[in-house]
Amino acid sequence: MSHPDQDPPPFDLVRPLGPGHESSRALALLQRRRLPVALGDQAQAAAHYRPSTDLLTAINMAIHVGAPLLLTGEPGTGKTVAAAFIARFFGIPLFPFQVKSTSTADDIKYDFDAVGYLHWAQSDKDKDKDKNDPPRTRRDFLQKRALWEAYDCPTEAVVLIDEIDKAPRDFPNDLLHELDQHRFQHPFDDTEIVSPKTGHPPIVVVTSNDERRLPDAFLRRCIFHRIDLDKDLVKAAVEAHVRDFPHLDPDARAAAQRRFWDLRESPLDKRPSTAELLVWLCILSAQGVTAETLNTKPLAELPGIGALVKDPEDLKVLK
Amino acid sequence: MPMPGPPDLTDLLGALRAEGIPVGPRELTRLHLAFAAAPVLDREALRAFLACLLAKNPAERDLFDRHFNAWCPDLAAHWGPEAQPPPTPPDPKSGQPEPVPPVPDPEPFERLEPPGPQPRWPQAMGFLAVLALTGGLIYLALQPPVPLIEPQKTEHAVQVPTPPEQAGLPANPSPRVWYWQARIQSVAIPDRLAAEELALIGALAGLLALGLWWRFRWRHPEPETLPRTEGGPAWLPLPPVTGSDTSLMGSRERRALVWNVGRFAGEDLTRRLDEPATAAATARAGGLAEPRYRHARFPREVWLWCDEHCPDPALTALAGEIDASLTRSGLSVRRGSFAGTPTQVWWRGDDRFEPSRMEGHRQHALVALLTDGLGLARDLDSPLRARHTAVLLRQLRLWPHLALVDFGPPGRLARRVRPFGLKVLAPSALPAWLAGGDARSESGPGSGPAVAQGGDLRLWAAACCLGADPPDAAAAQRLRQRLGLSLNPWAIRDLIQDAGDPSLRWPEARRRALVSWLLRAGPLTDGDVPAQQAPAAQTIAWWRARYAEAARRQGRRESRLLPWERTGARRRWALEDGLLALCLDPEGAVPRLRALALADPQLRDEVRARLAGVRAADQPGATAGEGAVVLTWSLGRLPDRAQEALAWLGLGGLRPLGPRPGLPPPPRLVLTLGLLGGLACAALGAAAWRWTHAPETELISADPSHDHPAIEAQTIRVLDQGQGRVLVGSARHTDGAEVRRGTRVQVAWSWGLGEADNNPVRLRQGSKALVYRAGTLPQPVRPCVAGWPARALAVIAADPQAEPARRLAIRLLDSGTADQVLISPDWAGDLGDFVGADPLLNANTRLLVVLGTTAPPAGGTPALPGPVLQGGPAAWALVAADPEALADWLDFPGVRPLPEAPARVLASQGDLPWHGGPEQVPDPATGITWVHICPGTFTMGSDLATDPMSQENERPAHPVALGGFWMAKTETTKAQYRRLVPGHAPGTDGNLPAADITWQQARTFCDKQAGGDLPTEAQWEHAARGGSLTPWSFRLDEARLGDHAWYKDNSGGEAHPVGQKAANPLGLHDLHGNLYEWVLDWYGPYADGFGADPGGAGSGEYRVLRGGSFVLSPEDLRSALRGGVPPGVRRQVFGFRCVRVAPPQP
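From first to last, the protein sequence lines are chains A and W. So the first sequence is numbered by the numbering used here: it starts at 1 and just counts up by one. So the second sequence is numbered by the numbering used here: it starts at 1 and just counts up by one.
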């Protein structure tokens, strides 16, 4: 108890309210908790990323033929990190674009603040408009997005179009031209063509979660690679993050992986992925679970099972 | 069916296109791009490479994988299951004691024998060769002097009748002659070998080393090494990009062009089936070796009812075969199936049919029930169904054309159904029955399934289990045919029964016993291997052919990216082949197995594992029952190399010796090779160095003092580097040698060889011709006129005894015009011998031929005999002259051209002047006439043997060589001396010699006035003697002294003007008598031995005076006489004369 402030906080940060509970002390403990660095940070994860030979083949192929690289696979198999890995490998910027269900093909190129423009246009008529404001045009309300930014980048660049399967059906189709020709018309200037400054198209990585079939025309333009979750991949991922589980010895890690695969072979609706395994391992490490515990407990009673199985139905199945 | 070539990438792309995977110009372009980067691909990498480009979703990826596998079969994967035999099932017949074939008791094989006594002769030969090389080397290095050309001595002393000496020209030559003689003592390349010899030694050593190595390799061949298996090449033949793509279309059009799967669906592959081939193959697979059918005689339907419970695949195969065959013949065949008992039969298409209810069609159908009878027997034994089954069988008897085909153990079904009168056929008899032949129903327990493992059946079983992988039924049948076994094809069921495994895989122990038995089941050759006609040999041949065929077939399927020859699977086939060959030809098979094992560690382990279960006949454990395949040959009879390799391969559990097999070269071979190789390298290197840095040929005098310029000027020392010829000697005698470049030629020079040569001599033994080499002067001084030849020869066409000719010869010799003179009446015939054939010498030779006055007029006859002149003397002349007149004329200083002589020049070539005596140059400035004294060698001093008047201080007589100089023709006259000292002896005759002069005054005069110096003592005596050896410079005739000198008897006690008496042979006056002459040297005793340009004593009190004076008696006028006087003394009898190194320039 010499340096209580330096001790790692206990696992049970949150406990039943009881006598003597002080929010401030609990908050202090909460603030001292150490989150694993790699789990949330793509750039950190890229440093530990171990691409398979086949994935490297696909990446090289995509770079050589100048086609977008389409990566599919279960969540947590490292599709997004692959893009960060390429950027890190070449030391070039990564321009990610997170696809939403409402994304249109233009969103990846630019964002036009229509409301701001309207407001400005309206205020322009007002008498009390600040004279000091510089005169503005429509272009000033145009925000460049990932693809355009990548085109403007003075070096090579990586464009990540993440989870394209979330987008409406037309999104990939509308992107065909851009991904093919790597140039598009300026939205407000018919004479201006936007194209990469370097003359090379950026390296485009598209990820998809297999949730929906992509249009054939889009597929045909891509280099396709499916990242299968296998034991080697999981093991590599665990070994890459081993610093995040300081209290797990190799036996415990191996046992945890064994149980993880047991879970994956169970008839679950939502099977756990690598990312969830890593989180689970963090929990196990924080709890100081041993290999023996992991080996002996039934699946449903594994410590921290909530990190892996998140569906009550699935839990029932396990029981 | 044409054989397809190796599949191209186009095939794969086409197939994918047919599956609906979009493969268009875009993909091709991308492929071109990607392959341009030349990736290094093995099969898996190639698969990933193509897949990421062509397959766009998991479903397509599956399709792609399937096509890729077909296109680029994983050749290595085909081996897997066969290489690892499955766990041995328990032997069902283990209860029955197996008759173990008697294996001959082997001789115990203890260990690998050390190599037996090898013949010693190769080593001896090698040793001798090395010895010879070394010896030759030493011999060449220490090559003794080789006198290449024996010095020709033509010493045929001749007594020339001496005519009475008379006034005028002498007719008697000096009986002796001195000249410089050279003897080539040794011709050697000092301490080393010539480049050619070195190269020869190097080449020999190299060849010997190569030969030894080759012999070693020939006796112990290195196993061939195979290249390691590698990934595929980066090169791929790509189809060209054709057509345009859709990339420039609008998105709507593009969407319309989304690839359509159905459009590209190909035609049904199964329609391409080669039906006859398929049917035939099926029949073979079913055990029908040669199915032959005839059309049924009645157009009846054939019904084939197959027992579903029968596990024998032959049943279905036979049914199918018959079906196909009959259908092809236009017959109607219906196939049905029943379960054990034909109570109900299901036709194809699920129609059910109960035979017992069949009424009408019995007559029209030929019905065959294909069954193993187990179901029937069970039903007949079952209390519940026995009756019903019996009824059924009785009903079936009513069918006119119905037979049971027995696929069970022979006889069992027949026994059971015999009570019901049903016809039972063996499967082989079915076709005949169908064809309407007299169907022999199988009766009773006959032809021997139970023939327990003996005879042909055992042979068949052993043959079947010889290969590494079990043969399928068809293969087993072919094997049976090949071996010519008199067995029914259906005996294969006995085989299956024996193996306890339908796939004909025997338990390992049983298999080994069978194979061991098979190897001994026939005659053996002398080498203890199965003979050609032995079943083992035939079986092995069959298996090997099978492997070869399989490998060939695999090879045909190879993808261009992964050549079959480089796959691991191919090596495994080769391994199987090698293991089989090991039984028959161990010496041939071992290197191949070793090469395979060396190429691949995996294969090595496999070979070792396989060979661990094999024993040679003389290995421990080679007795029966130990579960090893015992080969027929003995390890001990194999060559060492093979034994070594087999041990390395772990035959019969021998311990592997090392990481690599093979006999290392024996140490002595390595040592010898190293020595020889080093020798070869060194010798060749040295030879190359010698060639590029070839040293010049050197002439070395044995005594370095003979290299003095004074001697060099008198001798011939010619070195022709180009032709490799050395010529040394002087005008009267030369020695020559053929030498190689870089040779060091050591020459021993001698002045007269220590004794005088005879003069004259006969040209050759028995010849009349005489060769004069000296006239009256035994130590003649050769002319040194510019351009004077190295050798001047003269020929006088006359009788050697004729006096005029002799006089002329002596005159020619004394004047220096000739060095040798031949007097011969047959001069033309003797010319060749006289001149000699040495081109080097002849190039520097002049030849004068003096014919008598009776010679034909000029131009009338050919001059000199042609052959002599071919490469002969450089210059020659043919003159006709009176010898007397010519001899008289030949007395003048210097040289005169040829035509000036009183002779008719008949023919001539080149310049050939006459030399009458030393050159004389008057100097008007001083009044001195200078005489050119040419380099020469003379005997200085005297001894009692030749000169009884010899004084003590003149001895010893020793040879002295002198360079050329110019000497005043007379003693310095008063007139001359007055030019320096005007007041000298006024009033006296200017032609009198200057006297009363100290040594220093004389020297000062010579220096200041004459530009020279006093002569050294040697110069003076050389000049005084002029080639003579006599006490005086004229002939040994004291009476004639008065002609040459002023002395006591004729001087009248006073000096006389200079130049009044006759000159000595060099044209100098008053050397004897008149006045003493100062010379340069201190007075001192003579140094013994040879001297060149000697300077006299180093110090002394007296300076030497020479020549005697007018007051002295003849013995004091001798050339050798010397006296010493203090240099400051002046006397009236002391005069002097000067010498110069060069004549005064006008």
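Don't take each hint at face value.
Said to hold, decoys possible - Distance ranges between label pairs, derived from CB positions: (1) W:Pro313 - A:Leu315: 44 to 52 Å; (2) A:Asp170 - W:Arg66: 54 to 62 Å; (3) A:Asp230 - W:Thr327: 46 to 54 Å; (4) W:Ser356 - A:Asp230: 56 to 64 Å; (5) A:Ala114 - W:Arg66: 46 to 54 Å; (6) W:Ala609 - A:His200: 53 to 61 Å; (7) A:Asp230 - W:Pro502: 34 to 42 Å; (8) W:Asp528 - A:Asp230: 30 to 38 Å.
No wet-lab data here; the hints were simulated from the structure. For glycine and all other residues, C-beta sits at the position ideal for the given N, C-alpha and C.
Going down the list of hints, with the structure as the test:
1. W:Pro313 - A:Leu315: 44 to 52 Å: 50 Å, holds
2. A:Asp170 - W:Arg66: 54 to 62 Å: 33 Å, violated
3. A:Asp230 - W:Thr327: 46 to 54 Å: 50 Å, holds
4. W:Ser356 - A:Asp230: 56 to 64 Å: 60 Å, holds
5. A:Ala114 - W:Arg66: 46 to 54 Å: For W:Arg66 against A:Ala114, whose Cβ atoms are near 52 Å apart, the range 46 to 54 Å holds.
6. W:Ala609 - A:His200: 53 to 61 Å: 56 Å, holds
7. A:Asp230 - W:Pro502: 34 to 42 Å: 37 Å, holds
8. W:Asp528 - A:Asp230: 30 to 38 Å: Distance hint for W:Asp528, A:Asp230 is violated at roughly 55 Å.
The earlier numbered hints that this structure contradicts are 2, 8.
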